[in-house]
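Following the hints, complete the assembly by docking chain B onto the known chain A.
Chains A and B, in that order, are what the protein sequence lines are. Just so it is clear: in the first sequence, position 5 is 5 by this note's numbering, and no numbers are missing. Just so it is clear: in the second sequence, position 213 is 213 by this note's numbering, and no numbers are missing.
Since the hints were derived computationally from the structure, they do not count as laboratory data. Please note that a few of the clues may not be correct.
Label pairs and their in silico Cβ distance ranges [stated by the list, open to error]: (1) 622/B / 64/A: 29 to 35 Å; (2) 593/B / 77/A: 43 to 49 Å; (3) 605/B / 1/A: 34 to 40 Å; (4) 64/A / 593/B: 56 to 62 Å.
Computed from a predicted structure; not experimentally measured. Note that beta-carbon positions come from the ideal geometry of N, C-alpha and C, so glycine has one too.
Chain residues, written in single-letter form:
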Amino acid sequence: MPVQYYIYLALALFSIGIIGVLTRRNTIIVFMCIELMLNAVNLLLVAFSKMHHHAAYLQNKASVVGSEGQLFVFFIMVVAAAEVSVGLAIIVMLYRNTHSVDINFLNRLKN
Amino acid sequence: MSKLIYLVPLLPFIGFLINGLCRKYLTKPIIATIGSGSIFVSFIISVVLFFDVKATGLKIFKAFNFINVGAFKIDFAFQLDQLSALFLLIITGIGFLIHLYSSAYMKDEEPPHYARYFAYLNLFVFSMLLLVLGANFLIMFIGWEGVGLCSYLLIGFWFKNDKYNYAAKKAFVMNRIGDVGFLLAIFWLLAKVGTLSYAEVFSPSILSQLSQTDITVITILLFIGAMGKSAQIPLYTWLPDAMAGPTPVSALIHAATMVTAGIYMIARSNVLYSLSEVTQHLVAIIGLATALFSATIAIKQNDIKKVLAYSTVSQLGYMFLGLGVGAYTGAVFHVMTHAFFKALLFLGAGSVIHAMHHEQDIRNMGGLRKKLPITHITFLLACIAISGIPPFSGFFSKDEILAAAYAHSPIYWGIGVATAALTAFYMFRLYATTFLGKFRGTQEQEHHLHESPSAMTIPLIILAVFSVVAGFVGVPAVLGGNHQLHHYLSTVLVSEKTHTIAHSTEYMLMGISVAIAVIAIVFAISKYSKNPELKEPVGLGKTLANKWYVDELYDSIIVKPLLSLASFFKNIIEKLFIDGIVNNVGTFVQYASRQFRLVQSGQVANYIMIMVLAIVVFILLWFYDSSILKLAGKLFY
Numbered sequence: 001m002p003v004q005y006y007i008y009l010a011l012a013l014f015s016i017g018i019i020g021v022l023t024r025r026n027t028i029i030v031f032m033c034i035e036l037m038l039n040a041v042n043l044l045l046v047a048f049s050k051m052h053h054h055a056a057y058l059q060n061k062a063s064v065v066g067s068e069g070q071l072f073v074f075f076i077m078v079v080a081a082a083e084v085s086v087g088l089a090i091i092v093m094l095y096r097n098t099h100s101v102d103i104n105f106l107n108r109l110k111n
Numbered sequence: 001m002s003k004l005i006y007l008v009p010l011l012p013f014i015g016f017l018i019n020g021l022c023r024k025y026l027t028k029p030i031i032a033t034i035g036s037g038s039i040f041v042s043f044i045i046s047v048v049l050f051f052d053v054k055a056t057g058l059k060i061f062k063a064f065n066f067i068n069v070g071a072f073k074i075d076f077a078f079q080l081d082q083l084s085a086l087f088l089l090i091i092t093g094i095g096f097l098i099h100l101y102s103s104a105y106m107k108d109e110e111p112p113h114y115a116r117y118f119a120y121l122n123l124f125v126f127s128m129l130l131l132v133l134g135a136n137f138l139i140m141f142i143g144w145e146g147v148g149l150c151s152y153l154l155i156g157f158w159f160k161n162d163k164y165n166y167a168a169k170k171a172f173v174m175n176r177i178g179d180v181g182f183l184l185a186i187f188w189l190l191a192k193v194g195t196l197s198y199a200e201v202f203s204p205s206i207l208s209q210l211s212q213t214d215i216t217v218i219t220i221l222l223f224i225g226a227m228g229k230s231a232q233i234p235l236y237t238w239l240p241d242a243m244a245g246p247t248p249v250s251a252l253i254h255a256a257t258m259v260t261a262g263i264y265m266i267a268r269s270n271v272l273y274s275l276s277e278v279t280q281h282l283v284a285i286i287g288l289a290t291a292l293f294s295a296t297i298a299i300k301q302n303d304i305k306k307v308l309a310y311s312t313v314s315q316l317g318y319m320f321l322g323l324g325v326g327a328y329t330g331a332v333f334h335v336m337t338h339a340f341f342k343a344l345l346f347l348g349a350g351s352v353i354h355a356m357h358h359e360q361d362i363r364n365m366g367g368l369r370k371k372l373p374i375t376h377i378t379f380l381l382a383c384i385a386i387s388g389i390p391p392f393s394g395f396f397s398k399d400e401i402l403a404a405a406y407a408h409s410p411i412y413w414g415i416g417v418a419t420a421a422l423t424a425f426y427m428f429r430l431y432a433t434t435f436l437g438k439f440r441g442t443q444e445q446e447h448h449l450h451e452s453p454s455a456m457t458i459p460l461i462i463l464a465v466f467s468v469v470a471g472f473v474g475v476p477a478v479l480g481g482n483h484q485l486h487h488y489l490s491t492v493l494v495s496e497k498t499h500t501i502a503h504s505t506e507y508m509l510m511g512i513s514v515a516i517a518v519i520a521i522v523f524a525i526s527k528y529s530k531n532p533e534l535k536e537p538v539g540l541g542k543t544l545a546n547k548w549y550v551d552e553l554y555d556s557i558i559v560k561p562l563l564s565l566a567s568f569f570k571n572i573i574e575k576l577f578i579d580g581i582v583n584n585v586g587t588f589v590q591y592a593s594r595q596f597r598l599v600q601s602g603q604v605a606n607y608i609m610i611m612v613l614a615i616v617v618f619i620l621l622w623f624y625d626s627s628i629l630k631l632a633g634k635l636f637y
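Isolated chain A, as found in the complex (with noise of 0.2 Å):
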């Protein structure tokens, strides 16, 4: 399967995400949209490692290049995790404080 349809499918997955991002105001959508936008990453660093250890794979049965990519991944998605604990965290102790988990309700921070 050509690469450019992993690109394709990466873009509209990070577009989707940025457009929740901004457009959204209940904070647990916000929250799967970050989600969204770094899977699209996750996506496209599968496949381009997936496409540079076919081309080192036709020359050299032995080769490993474009692990690294896929090594990258374990590590997006492990700080995700960790992120997504405190994320969740703070949205628990903002329901608790507000009854509510609408974001614009962080604005009072600013006074």
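Then chain B, alone, in the frame of chain A:
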């Protein structure tokens, strides 16, 4: 022995420092002693130097390098020759008498002001000595500015009176206009020949480097300087107003010494002037015009000092006529005799003003002959001298100038004689109105009338003696003399034009001028001694009394347009343009910052929006035009 020359200007300067710095701690007798004493010692030294020069001739004393840049050198040097020695005698001699006179005239002042007065006067004498002693044009210019400053300070001596301050400012500004001419002449000379010292500039090898145009321009520019300092048309209007100062100041600065600086300068540069016929004509015509013009004004003035002021302007015009027709000795001779009789007239006027308790209007005087006998006699002698009656001093100097003018052109002579007649007329109008007839002042004034103290009358008597006899140093050959002054000055005034008029013609010229002067005197005395002119004049007389409306003319063609230009700049250019730019820059920054503040709204979504848009813009930039990024890179790194 010859080093004494440094003491001549130094002593007045020390006097200035002591009186100026310690003015709060000294008593009046000490102040007067320091002020007059320093000048007196200078005078003694000047006499010694005068005879020294007579024996040995020119000497140059170099004190130090004043300006020394590469090949461009100007020395601070003094030049002692016959001309400067003569001026030294005039300045210190008459200066001393006037200091002595001032010590009594100014005695009503508080001690600090009394000291201030003497300090200014000493500083003036110092500057004037610097002016005549300098061995190059730059030193002369320093003195030139110094006397201008002292003139300003002394005219405005009673600074609480706004009118006096205005007169002082006027004198200063008018002088500055002339000074610009002098300064330009110095620059021109420097640019062309690179030296300013008299010995070099007047040497044939340097003069040959100058073209005819150069010489004409330099001499005209120098003459503009002389116009300002010596009160010639069109820059003369400051001198009559300068009478706001104390009377001895008028005698010293505005009659005897400072105003003759222009004549000194031209006589000093006689080599240069004789090379430019255009300038000589200009000098003669301006001199003649000034002489006649201000003499007509003097006829109708009623302020005793104003008459004398216009008379001074007129006599200075005579001197310039002499310079213009090449009678340099005659001009310097007239400077000398004029210094005696005009200083005497001013001091006499001061004595009258003193006796009348600061009354200056001659219409309120009259009959002072009996009350002020010494003042009366000396004033009369000075009037005869200025009218040119032989054998008084004024006759010889005036006659020399008139004879040279006749040799040049009979028309010059005719106007000169007409001016002499006017001079005799207004002087005796002044004399008759002041001293003859009946007293017209208030009873209280009459009660207080008194002869001045001896500190004032002694200078009057000394000056009167000189006014009578000073002419004998310059008796011309036609009258059987051998003109000692001419021989004395001949090594300095080398460009003197010798005229050959037949002795019979010369007798006739003298006869005519004396006869006309006598007629004018008799007419003036008979007209004004019994019934002086008290009413306001009408017709031409009114024009004359208002000084031909020259002040008003200058006001409307120079002062008012300048003022309106200034107010245009102040109200339009400054307020609209300059202020507008500055204020609008400030307003714009304030406005812009108010608008930019709204960007920081606290809406996280907005921030992200801006961020995303910016990223998109940058990507597009990179994608389509990498050169813009390169430019950005150059700007930011």
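Could you tell me whether the CB distance from residue 64/A to residue 593/B stays inside 56 to 62 Å? At roughly 57 Å between Cβ atoms, residue 593/B and residue 64/A fall inside 56 to 62 Å, so the hint holds.
Hint check for residue 64/A and residue 622/B - Cβ pair distance inside 29 to 35 Å: Between residue 622/B and residue 64/A, where Cβ atoms are some 33 Å apart, the hint holds.
Could one say that the CB atoms of residue 593/B and residue 77/A fall in the range 43 to 49 Å? holds (45 Å)
Is the distance from the Cβ of residue 605/B to the Cβ of residue 1/A consistent with 34 to 40 Å? holds (36 Å)
Consistency note: the structure conflicts with none of the earlier hints.
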